[in-house]
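**Q** Sequence:
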Amino acid sequence: MREKRTAVMWCHREHHDGSKRGAIWVDGYHVWGGLIVKAMRKSKRFAEYAKVMTDAFVTHEILKRPSARGWCAKNLWLYPASYTIGAIRFILGRSK
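Each residue of the sequence shown is one higher than the one before, starting from -8 at the first, in the working numbering.
Possibly wrong hints are sitting among the right ones.
In the DSS-like style, the derived pairs of lysine-lysine whose C-alpha atoms are separated by at most 25 Å in a straight line are [what the hints assert, rightly or not]: (1) Lys65 with Lys11; (2) Lys65 with Lys29; (3) Lys55 with Lys65; (4) Lys55 with Lys42; (5) Lys42 with Lys65.
These aren't lab readings, by the way, just hints derived from the structure by calculation.
Here the structure is a predicted model, which is why all the values come from computation and not from measurement.
Use the sequences and the hints to build the structure in full.
**A** See below:
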């Protein structure tokens, strides 16, 4: 439970800052997260992969214990998808 609270506090500090960049990231993250949850429900193997990547991201970025897997989770999986989806939704006028 402590990890989740730390993650929520990190998200508010990093992305809920009132900036357009933050809003785009949060909107994209919510859509991306929904897609990930749907995929996890369909595939146990994907669910295991998503858990490994999420844990690696939290440990690397939020708990500040760097790792190669955490770097990949942040820079190749989570951030590009969140920003890309959020930006597309913003351009199309579909962002929150």
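**Q** Each hint should be assessed against the structure and marked as holding or not.
**A** Status of the hints after comparison with the structure:
no., hint, in the structure
1, Lys65 with Lys11, "holds (20 Å)"
2, Lys65 with Lys29, "holds (20 Å)"
3, Lys55 with Lys65, "holds (12 Å)"
4, Lys55 with Lys42, "holds (18 Å)"
5, Lys42 with Lys65, "holds (14 Å)"
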